[in-house]
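First to last, the sequence lines map onto chains A and B.
The first sequence: position 56 = 43 (my numbering), numbered continuously.
The second sequence: position 50 = 52 (my numbering), numbered continuously.
Just so you know, these hints were derived from the structure itself, not from any lab.
All C-beta atoms in this analysis are idealised placements derived from N, C-alpha and C, irrespective of residue type, glycine included.
Hints are supplied without guarantee of correctness; some may be wrong.
[Unchecked claim] Under the rule of at most 27 Å between Cα atoms (straight-line distance), these lysine-lysine pairs were calculated in the BS3-like manner:
1) LYS221/B with LYS265/B
2) LYS177/B with LYS28/A
3) LYS28/A with LYS221/B
4) LYS40/A with LYS58/A
5) LYS28/A with LYS58/A
6) LYS28/A with LYS55/A
[Claimed, not checked] Far from chain A, by Cβ distances over 12 Å, these chain B residues were calculated:
7) PRO52
8) HIS89
9) TYR112
10) GLY124
11) PRO164
12) GLY185
13) LYS221
14) THR253
15) THR340
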Amino acid sequence: MSLIAVGVIVLLALFGGATATRVFGHDGQTPFLYAANTDQKAVGPWTHVPTPKSPLFDAYGQLQTPPKGTKSTLFVLGSDGPLGRDELIRLLDGLRTSLEVGVGAMLVSLLISLPLGSLAGYFGGAIDAVVSQLTETIMAFPLLLFLLFANRYLISDFRSVGWSWVVPDGAPAEALLIGVFTAFYPTRLIRAELFALRQEEFVEAAHMVGASNWRILRRHLLPHLAPILLVWAAIAVGTNILAEVGLSFLGVGVQASIPTLGSLLSTVWGTIFNPQTYNSQVYTPWQTVFPMVAIVVTVVSLNRLSEALRRAMEPRETR
Amino acid sequence: MRVASYLLGRSVRGVLTLLLMIAVGFTLYFAVERQPPVADYYPVVQHGAPPTRQQTDLVRHLFYLDRSKIGLYLTYLGHLAEGDLGHSSTITLDAAQNGHIVDAGPVAPYQALRVTLSILIGGAVLVLLLALPLGAISGTRIGSWTDRAISFGALVLVCTHPMMLGLILKSAGGKVSWLPTSGYCTLLKRPTPTATRLHLPNGTVLRAPLNYHLCGGPKEWATHLILPWLTFAFLFLALYTRMIRASVAETIHEDFVRTARAKGASQLRVISRHVLPSAGLRVLTMVGMEIGTAIGVCVYIESAFGDNGLGSLAVNTLGGGLGALNLPYVLAVIVLITLIVVVGNLIVDMLYAVLDPRVGLQRGQQRTKSLVGGVF
Chain A
-12 MSLIAVGVIV LLALFGGATA TRVFGHDGQT PFLYAANTDQ KAVGPWTHVP TPKSPLFDAY
48 GQLQTPPKGT KSTLFVLGSD GPLGRDELIR LLDGLRTSLE VGVGAMLVSL LISLPLGSLA
108 GYFGGAIDAV VSQLTETIMA FPLLLFLLFA NRYLISDFRS VGWSWVVPDG APAEALLIGV
168 FTAFYPTRLI RAELFALRQE EFVEAAHMVG ASNWRILRRH LLPHLAPILL VWAAIAVGTN
228 ILAEVGLSFL GVGVQASIPT LGSLLSTVWG TIFNPQTYNS QVYTPWQTVF PMVAIVVTVV
288 SLNRLSEALR RAMEPRETR
Chain B
3 MRVASYLLGR SVRGVLTLLL MIAVGFTLYF AVERQPPVAD YYPVVQHGAP PTRQQTDLVR
63 HLFYLDRSKI GLYLTYLGHL AEGDLGHSST ITLDAAQNGH IVDAGPVAPY QALRVTLSIL
123 IGGAVLVLLL ALPLGAISGT RIGSWTDRAI SFGALVLVCT HPMMLGLILK SAGGKVSWLP
183 TSGYCTLLKR PTPTATRLHL PNGTVLRAPL NYHLCGGPKE WATHLILPWL TFAFLFLALY
243 TRMIRASVAE TIHEDFVRTA RAKGASQLRV ISRHVLPSAG LRVLTMVGME IGTAIGVCVY
303 IESAFGDNGL GSLAVNTLGG GLGALNLPYV LAVIVLITLI VVVGNLIVDM LYAVLDPRVG
363 LQRGQQRTKS LVGGVF
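Working from the sequences, and respecting the hints, build out all of it.
Next comes the structure, spelled out in structure tokens:
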């Protein structure tokens, strides 16, 4: 059930934006003058937005309703504010960017935590003491503040790295940051698991036939980590997406013009550094409802997937 | 005796954490502030004139770049031991455009500390008040519809973002006339109007306007904090409900529970006196681990409800909301947050020692952070 939900979300994220652009004949970047009403308020869901060759203005510069029979294009979820961009396509693009950040951050923290956790858990002793003290100290402090600091001062050059629209500028930097600062949890997880595993008989047996430490770690122990890491990964993608939303609220995430689940909300609500109260003259409640629903559905499905994975793995774990 | 040495060990560890975090603060500050921002203080330089030696030296002095870092660290620790968080200073220009370093007032973000502590403590109490009955209800009816509804509701709440939750509650609370949706009121008494001067980290002092809304007293304090508390509670509800549920489901089949039933105790009494206390220890461990996380959550809650707490201060000083970094404020934020975490953990350890005298024996008690902790 949850696997299907996550699959649908991933498919939507990967192909939804491009397909919707194809189907409706407009993309999420182009502003449409007629997608905002005459008083600058965004149009609601399921609106046919007229697309005349040249927009009609009256003597006062006000946009006029085009004559009947003008071609129009369908905005399924309405537009995103006074700029008049398609909310549906922005939402799908944002879902893709957010998932990219979430999965990327998960991979980064896996890359950091695997060597750290294996060293600490397998060899123990001084390495373990240092790693444990480090993770414990840093985890006691709110990670958010480290994240904020690093984002502002340490990686400002890296923030323009991206690859056309597929990986928007700033998304790799954000994934790297979130990944580095959330690596402590899997480190502890791997350490605890290896601590228990290294006393098992098969490790001893491998030692006896002369396997090197490296080989034991790689061939005998790491496969045992796959189940717990899979469970962790599903939930970590969800929490990373929430972290991305949070960074957008703080105004330090990817640029506000690039749609992510967080920046779709923060364009309406403003950020902490640049607070702006919700302006009902310009925005409709839909622009907050859709991204919020998308966030909650995505994170809940990832959580359920993780739960289902854990349940599926359990019979094997109780050896 | 063992308990005393255990607590002593934990407090020594807390002090070490504090020293380490201050060192981290120093390291981060000096890693970032290498070039003195002369142009921020001298309009002449801003307009293109090359900075003179004297100007550069003064700004370097202002940003602590010309002193020995170890000496600075030790001096800071000395002041901190006296309860002094330092003074922030700034540069003013005289008529001849010569700069002088002037004192911009002591670093005393105690009002911010009060706001954050109010949210934290009240929120934690509310979490427990809500999670205990909910966890007990779903733990006694594992697999029923009530259980599923509670679990799913809590899951959805934890999968929202505190800022989202806060803003939704704020707009919902805006419909209730007696419920204020922003601001903070002091708990004890109304502050006198002279107390409304605001010292900004960059040295300026804001005087609050005369019609500044002053409020105070327990009732106004509580009404102003209801919505932040609810946001906090909703976010953490899932973790605690789930943990209490698991604990209740585990203990309810134990022999001592059956004995209590056999003695004729009512269901309510069995749950509240025999089953829930054993969940208490686990909850306590969790509370200790989550204090740092909770402060991260407070950043969003304070921002959603416009309270100027420690979280907002931290965001502004560490995140660059005020331009250049200000060392006394950076350190004050780090010290106060670490102190909350360390002191909170010490209180948890004390309660632990009271509830479970075997505490010194189980060295490797499981202290892991929940997954929500990964984010904040």
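Evaluation of the provided hints:
1. In summary, the hint linking LYS221/B to LYS265/B is not supported, as the alpha carbons are separated by about 44 Å, beyond the 27 Å threshold.
2. Annotation: proposed proximity of LYS177/B to LYS28/A holds, straight-line Cα distance about 23 Å (limit 27 Å).
3. Between LYS28/A and LYS221/B the alpha-carbon distance is near 40 Å, which puts this suggested pair outside the 27 Å criterion.
4. For the suggested pair LYS40/A and LYS58/A, the alpha carbons sit about 9 Å apart, so the restraint of at most 27 Å is met.
5. Note on LYS28/A and LYS58/A: the hinted pairing holds, with a Cα-Cα distance of about 22 Å set against a maximum of 27 Å.
6. Among the hinted pairs, LYS28/A with LYS55/A is consistent with the structure: their alpha-carbon atoms are about 22 Å apart, no more than 27 Å.
7. With a closest Cβ-Cβ approach of about 25 Å to chain A, PRO52/B is found to remain outside the 12 Å limit, as its non-interface label requires.
8. Every beta carbon of chain A lies more than 12 Å from that of HIS89/B, the smallest distance being close to 23 Å; the non-interface claim holds.
9. For TYR112/B, the condition that its CB be more than 12 Å from all CB atoms of chain A holds, with the nearest at approximately 19 Å.
10. With a least beta-carbon separation of about 19 Å from chain A, GLY124/B lies farther than 12 Å from that chain, consistent with its non-interface assignment.
11. The Cβ of PRO164/B does not lie farther than 12 Å from every Cβ of chain A; its closest approach is about 8 Å, which violates its non-interface assignment.
12. With a least CB separation of 14 Å from chain A, GLY185/B remains clear of the 12 Å interface cut-off, as annotated.
13. Listed as a non-interface residue, LYS221/B keeps its Cβ farther than 12 Å from every Cβ of chain A; the least gap is roughly 27 Å.
14. Listed as outside the interface, THR253/B is consistent with that label: its C-beta sits roughly 20 Å from the nearest C-beta of chain A, beyond the 12 Å cut-off.
15. For THR340/B, the requirement that its beta carbon stay farther than 12 Å from each beta carbon of chain A is not met, with the minimum near 7 Å.
The structure does not agree with the numbered hints 1, 3, 11, 15 stated previously, though it agrees with the rest.
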